[in-house]
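Peer 1: These are the residues of each chain, in order.
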Amino acid sequence: MKRFSDLEALDAGFRRLGYMAERSLLTPLFLLTRLGRPLLLEGHAGVGKTETAKVLAQLLGVELIRLQCHEGLDVNSTIYEWNYQKQLLAIKLHEKSDASPESIERHIFGPEFLLERPLLRAVTHKDGPVVLLIDEVDRADEEFEAFLLELLSDFQITIPEVGTITATHPPFVVLTSNRTRELSDALKRRCLYHWIDYPSAEREREILRHKVPQITEDLARQVVELVQSLRGLQLEKPPGVAETLDWAIALLALGLTGLDEEVLQATKGCLLKSTEDFRVLQSQLGSLLAAAGD
Amino acid sequence: MSQFSRSQSASDFHEPLRAKVVGFSHVLRHHGFQVGLRETEDAVRVAAHFLCADFAAFRDGLRSLYCLSQEECGTFDPLFEGYWAPPDGASRITPPSTAPRKERREFPGGLDLTTGFGDAADVEQSTRTTSGASTLEVLRTMDFSQVTPVDQVRLERLAARLWRRMYVNLPRRLRGANWKNRLHFRRTMRRNLSQGGDPLYLVFAGRKPRRPRLVVMLDVSGSMELYSFTFLRLLYVLQRRFRRVHSFVFSTALEDVSGVLAARSLGGALAALSRKRIGWNGGTRIGDCLHALVREHGGRVFRQDSVFIILSDGLDTGEPERLADGLKAIGKLARKVIWLNPLLGIAGYEPIARGMSTALPLVDVFAPAHNLESLLDIERYLVK
Ligand SMILES: Nc1ncnc2c1ncn2[C@@H]1O[C@H](COP(=O)(O)OP(=O)(O)OP(=O)(O)O)[C@@H](O)[C@H]1O
Ligand SMILES: [Mg+2]
Numbered sequence: 001m002k003r004f005s006d007l008e009a010l011d012a013g014f015r016r017l018g019y020m021a022e023r024s025l026l027t028p029l030f031l032l033t034r035l036g037r038p039l040l041l042e043g044h045a046g047v048g049k050t051e052t053a054k055v056l057a058q059l060l061g062v063e064l065i066r067l068q069c070h071e072g073l074d075v076n077s078t079i080y081e082w083n084y085q086k087q088l089l090a091i092k093l094h095e096k097s098d099a100s101p102e103s104i105e106r107h108i109f110g111p112e113f114l115l116e117r118p119l120l121r122a123v124t125h126k127d128g129p130v131v132l133l134i135d136e137v138d139r140a141d142e143e144f145e146a147f148l149l150e151l152l153s154d155f156q157i158t159i160p161e162v163g164t165i166t167a168t169h170p171p172f173v174v175l176t177s178n179r180t181r182e183l184s185d186a187l188k189r190r191c192l193y194h195w196i197d198y199p200s201a202e203r204e205r206e207i208l209r210h211k212v213p214q215i216t217e218d219l220a221r222q223v224v225e226l227v228q229s230l231r232g233l234q235l236e237k238p239p240g241v242a243e244t245l246d247w248a249i250a251l252l253a254l255g256l257t258g259l260d261e262e263v264l265q266a267t268k269g270c271l272l273k274s275t276e277d278f279r280v281l282q283s284q285l286g287s288l289l290a291a292a293g294d
Numbered sequence: 295m296s297q298f299s300r301s302q303s304a305s306d307f308h309e310p311l312r313a314k315v316v317g318f319s320h321v322l323r324h325h326g327f328q329v330g331l332r333e334t335e336d337a338v339r340v341a342a343h344f345l346c347a348d349f350a351a352f353r354d355g356l357r358s359l360y361c362l363s364q365e366e367c368g369t370f371d372p373l374f375e376g377y378w379a380p381p382d383g384a385s386r387i388t389p390p391s392t393a394p395r396k397e398r399r400e401f402p403g404g405l406d407l408t409t410g411f412g413d414a415a416d417v418e419q420s421t422r423t424t425s426g427a428s429t430l431e432v433l434r435t436m437d438f439s440q441v442t443p444v445d446q447v448r449l450e451r452l453a454a455r456l457w458r459r460m461y462v463n464l465p466r467r468l469r470g471a472n473w474k475n476r477l478h479f480r481r482t483m484r485r486n487l488s489q490g491g492d493p494l495y496l497v498f499a500g501r502k503p504r505r506p507r508l509v510v511m512l513d514v515s516g517s518m519e520l521y522s523f524t525f526l527r528l529l530y531v532l533q534r535r536f537r538r539v540h541s542f543v544f545s546t547a548l549e550d551v552s553g554v555l556a557a558r559s560l561g562g563a564l565a566a567l568s569r570k571r572i573g574w575n576g577g578t579r580i581g582d583c584l585h586a587l588v589r590e591h592g593g594r595v596f597r598q599d600s601v602f603i604i605l606s607d608g609l610d611t612g613e614p615e616r617l618a619d620g621l622k623a624i625g626k627l628a629r630k631v632i633w634l635n636p637l638l639g640i641a642g643y644e645p646i647a648r649g650m651s652t653a654l655p656l657v658d659v660f661a662p663a664h665n666l667e668s669l670l671d672i673e674r675y676l677v678k
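Chains G and A supply the protein sequences, listed in that same order.
First residue of the first sequence: 1, per my numbering; consecutive thereafter.
First residue of the second sequence: 295, per my numbering; consecutive thereafter.
One chain only, chain G, in its complex shape (with noise of 0.2 Å):
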């Protein structure tokens, strides 16, 4: 595993790998490697939390893990399985043996007839650590909270049948949330917590500039004023960095050098989702090109 001696160090990192991060995040990335508590990201769709853990496993260079989060999540599907088939064929090589049916059990349900799921999988990775991802984590049922609380306090993880295995090399921990419900307190004060906000106006143009090249000074400009006007207004899905760099590319593929009102209506798609936020699009454009355009 890499290492990056202080902040300065970490930003330059990001910065290689195509993140612009706020100064903010970083003291709470560098702690989470530091302290060994996990942290926890919550901020608008499309802030740039998922790609947070990505880069810095890149950073880090080592694996990431992803448990993406939703309703019905359960230990089948997150920590472990039987792998039944395999049990079964064990089962029948035994047939003709006179191992006790007992014995047959104990052997059928070992290590090796498990399947590791995301969470067990980065609990006993055996090189050095791995990031853990658990993104989108408000989309689980409580019960599944209650459960990553014990994982998250000693990074252990039990199995009736098999025992308690406990992490070698602790996860560095990332969880993201788009706060559509509220997280249990306890999980909360397990983790650091930061709040992504959306990037600052000249953040968002350099962001544009490193994955855009191609767009002119200009234009990166009046895209990030109308995307942050927009991001003022009562949308129900006001738009991220993704749909800023979408709507970007949109526009250079379309050859499209600035904007007015029909490059607005034409484009529009990618920056908004809903029918209701057109309205308050259309209601607001002429303010909006205004403020774009000086």
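Some hints here could point you the wrong way.
These stretches of chain G come out as covered by chain A in the derived footprint (C-beta under 8 Å, 3 or more residues) [as the list claims (entries may be wrong)]:
1. 36-42
2. 187-194
Residues on chain A that point at chain G, a partial pick, calculated with CB under 8 Å [what the hints assert, rightly or not]:
3. 328
4. 339
5. 340
6. 350
7. 351
8. 361
9. 367
Honestly, the hints are just simulated from the structure, not real lab data.
Glycine included, each C-beta is placed from N, C-alpha and C at the ideal position.
Given chain G, put chain A with the ligands in place with the hints provided.
Peer 2: Frame of chain G; chain A with the ligands shown alone:
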């Protein structure tokens, strides 16, 4: 870098710095932050590493240690500044003069049920020190119509915690004794032994039971005045924490309030509710509203495992037949129909009000709902 090695105790660092950090923890706790020993210990490490070298990083680090939400981050910054670097002319924030409360111990393993370390936890703590009826007991059993605004806040925190406990317990209880989400070993083996070399059969012990969805309908008509506000706040807690809940309020008309109650703050939710101008406090047409629920929302909110809860005193101004029909229609959609009635807590109350006596044979559970204790019994009904 050695400051961050986990084996080294933070107490090796020099004491003045430590005392200063502990003081800051007290300030934050005083402002409602949940700060325990762990946070303070880690904060000492962060201070030793960053305080002199990089003040902004020191602030960012402490913020990530102490804060649990975006809102807390907003509160944190001025407190940090006021304590560590008050601007010229401003007086420095000092720790509250009262003796610092004892650091709370982390609960060993498992789920930390004291999700609020604020008033509710104090309430519980005081149960150990006061003799006789404890505050906690009083709050749990106090009739909602008697709750003062001060109690209201504490009650809410208590409610949030107890609901949470219920939701964590519930799946375990539902699972019962006979459910195992694993291969039924012996049966599988027997089945396959007789099959010779044929396809492999797996026999499972059972299917995983799922947590039921709740559809809650709250009466906000005049006769419920003393109760509906408290219930609304409880619904807010439920709705905000759990996605498998659909909330409706009704009096003469029905209104879906799930979205409104999911708002970030209770104040915001209540304000949005009052903007909706639901026919507050004028007549009660339970039957019509039940029909409206089935007709307009039935397909969307009900699944076959749904539990329907109506919170109402049953003082209906509509036709009893209409009410009965409505309940029957709901009964077809929901797995279980529960009627919670605050009046049932009143000694001597008999459900002979016109609506109520019609409804009784059509509901699976008829129970009181005049205090927290009685609401928490819902857990029992959900299990079966
Ligand atoms: N600071 C940044 N520097 C470079 N790229 C960024 C930055 N922030 C966001 N992006 C880009 O924006 C896109 C969206 O980021 P990401 O998917 O990580 O968002 P998210 O917060 O996880 O969103 P969601 O909540 O929708 O999952 C990615 O393509 C990412 O590269
Ligand atoms: Mg994401």
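Peer 1: A separate judgement is required for each hint: does it hold in the structure or not?
Peer 2: Now for the hints, and whether the structure bears them out:
1. 36-42: holds (count 4)
2. 187-194: holds (count 5)
3. 328: Hint on residue 328 of chain A: holds, closest Cβ of chain G at ~6 Å, below 8 Å.
4. 339: For residue 339 of chain A, the interface hint holds, since the closest Cβ of chain G sits about 7 Å away, which is under 8 Å.
5. 340: holds, 7 Å
6. 350: Holds. Min distance 7 Å.
7. 351: At about 5 Å, which falls below the 8 Å cut-off, the nearest Cβ of chain G leaves the hint on residue 351 of chain A intact, so it holds.
8. 361: OK, holds: residue 361 of chain A within 8 Å of chain G, min 5 Å.
9. 367: holds, 5 Å
The structure agrees with every numbered hint stated previously.
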